[in-house]
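Participant: The lines below spell out each chain.
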Amino acid sequence: MDIRGALADAPVTGPGRRRHGFTDLARAVRSNRKASAGVILLALFSIMALVPQWLTPYDPQSTSFRPSLAPSLRHLLGTTAYGQDVWSQLVWSARESLLIAVGVGLLATAVSVIVGVAAAYLGGLPDHVLSLVTDVFLVIPTFPLIVVLATYAKSGSLTVLIAVLVVTGWSYGARQLRSQALSVRNREFLEAARVRGERSLYVIVVEILPTMTSLIVANFLGAALYAVLAAAGLQFIGLGNASDLSWGTMLYWAENNSALQVGSPLWEIMPGACVALLGTAFALLNYAFDEISNPALRPAGRRRAARATDS
Amino acid sequence: MRYLIRRIEFFMITLWAALTLNFLLPRLMPGNPALAMMARYRGRVNPQAMHALEVAFGVGTNQSLLEQYLHYLVNTAQGRFGTSLTFFPEPVGSVIMQALPWTLGLVGTTTVMAFVLGTVVGMVSAWRRGGTLDSVLPPIFIMTSAFPYFFTGLLCILIFSVALGWFPLGFSYTLGQPVTLTWAFIGSVLDHAVLPAATILITSIGGWILTMRNNMITTLAEDYVRMARAKGLSPLRIMLHYAGRNALLPNLTGFAMSLGFVISGAILVEYVFSYPGVGFMLLQAVENEDYALMQTLFLLITVAVLVAVVVADLATALLDPRTRARG
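In order, the protein sequences belong to chains A and B.
Residue numbers for the first sequence follow numbering that gives the first Met the number 0, beginning at 0 and rising by one.
Residue numbers for the second sequence follow numbering that gives the first Met the number 0, beginning at 0 and rising by one.
Simulated from the structure, these hints should not be mistaken for laboratory data.
Stretch-level coverage of chain A by chain B, calculated; a stretch enters the list once three of its residues show a Cβ under 8 Å from a Cβ in chain B: (1) 124-136; (2) 142-151; (3) 266-273; (4) 282-290.
What follows is a set of in silico ranges between Cβ atoms, one per label pair, in the way DEER data are often shown: (5) Val-204/A x Met-11/B: 29 to 37 Å; (6) Asn-255/A x Glu-89/B: 25 to 33 Å; (7) Ser-182/A x Val-73/B: 42 to 50 Å; (8) Ser-182/A x Leu-99/B: 36 to 44 Å; (9) Tyr-2/B x Leu-49/A: 49 to 57 Å; (10) Leu-72/B x Val-132/A: 20 to 28 Å; (11) Leu-99/B x Pro-56/A: 45 to 53 Å; (12) Glu-187/A x Gly-107/B: 50 to 58 Å; (13) His-127/A x Gly-107/B: 33 to 41 Å; (14) Ser-35/A x Thr-108/B: 37 to 45 Å; (15) Met-96/B x Arg-184/A: 48 to 56 Å.
Quick caveat: nothing in here was measured; it's all calculated off a predicted structure.
Backbone N, C-alpha and C fix where the C-beta goes; we use that ideal spot for every residue, glycine too.
Isolated chain A, as found in the complex:
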């Protein structure tokens, strides 16, 4: 089972009508060790993505060095079989990988919110149809579908990759958001809004969505994690654009040159480690969010006193 299921299946406790202010959130993140670790990792990768030129001495695509050099002070991680500096490549690749994660995360979450909340709010036949579509997308095996789609789309541009990942990645969140929206549908404050004569769109955007903030954020994180792993996998097997600079593409070239076997393992291991760490960042944040929004899951220390009197 993949991590998205693991993290998202955690019981969703009914949210009150509390709105997390930004300061609340910041405090929660700081006091949760998993969340802090995730934020720090993410910040490091963001710096790599934003200002790679400050961190690297060479042009990442330049092939002017001696090929397959071992790590040294001039080439921290050595050079590739094509004579590129591995460290420069690694840093510059952060941009595309992060872009895919955030792009797919945002788009997939948007689709989930629209489909899930619309289904719950409209009810009846529209709900039936939308839920059915969600379930169908949920069951159709994602990775094989991505592979098939990416092949037909002729291993194309970044846009194609993002589109494919969004199409295959929205359904999980839609189902969760639907059940969450269903649980608030009959609350009094919504009744009040309806009695006031507010329009549906207003009710959904201003009254319903804020109650689901933490679930929406969790969905974004889950979708981003999924995108990081799936994109790297696709590029690794050669279904990305091979001339792009990204960790998946680095892995592809390294694997094609048997980097592990011929003695330049760093060329292949480092981009893989970056993918794993970026994924870890999203997973940690996701897990921390579960703990923040569901106190029952928090580490036991603070609760032990309560338990002792309990049992």
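Got chain A; can you put chain B on it based on the hints?
Facilitator: Here is chain B on its own, set in the frame of chain A:
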């Protein structure tokens, strides 16, 4: 009853969606990939194969899209999936049958192992809340679950076969060895399976541990668990029969789905280890633009998952009366 009907509706519609997707994708994609592929293969494969392709993708016939669609549905229903280009002239069905046992053996075994181990560890770690197990394992497994399968595989290869030389680099047995039921052959198969199996285990067990732990924590707060404690039942009994059993229920669907996904193989793991299973075959089909093989594999995988999900739903309905009531 209503529940059953809804499940059947879902099954039929998903099946239809997968079939239609399979039919439409090569026809709708920009630049008509089927035509492009045929142009590339012309002259390289014999006319018979060419003709089979033309029929399969509706090229050169004067049929309307609808007629082609009906044709395709009938063919698929009768199990005629076409001819594989990669392994011409073998029909797709028999090609797949060669890969299936490898995948079922490797991925099937490890999936069950990951589920059982993960469930036990998750259960115990929630039971001993705040103990060593509980404070060490979750963070570790959050990390390993975020590892891409192929990265774990590459690490395993680097450490255990390149550096230490303990295990072979890839494939499912030593090439050139006769495929017979001898101890030598079985040993070689096991030897080749260790690293891919470890990779799958490491990456997938974390999800089970975390879900089971979280379910278990919720269940432990239930009144019936407190009641059991008050009755003075043995802790083991409470953990297994009261909390564990109920915490396991929500995971059944997930387990069934992952059993369905066994068919698809762990695509990337099989790729990294050149393991001749279904996932590796799918990638080979992709590489050679062998659309017939690719489509059939996709269909097979979808059907497997679908059957697994529906069976799991029905099992859950049997085991958990609340599902039935909710309809």
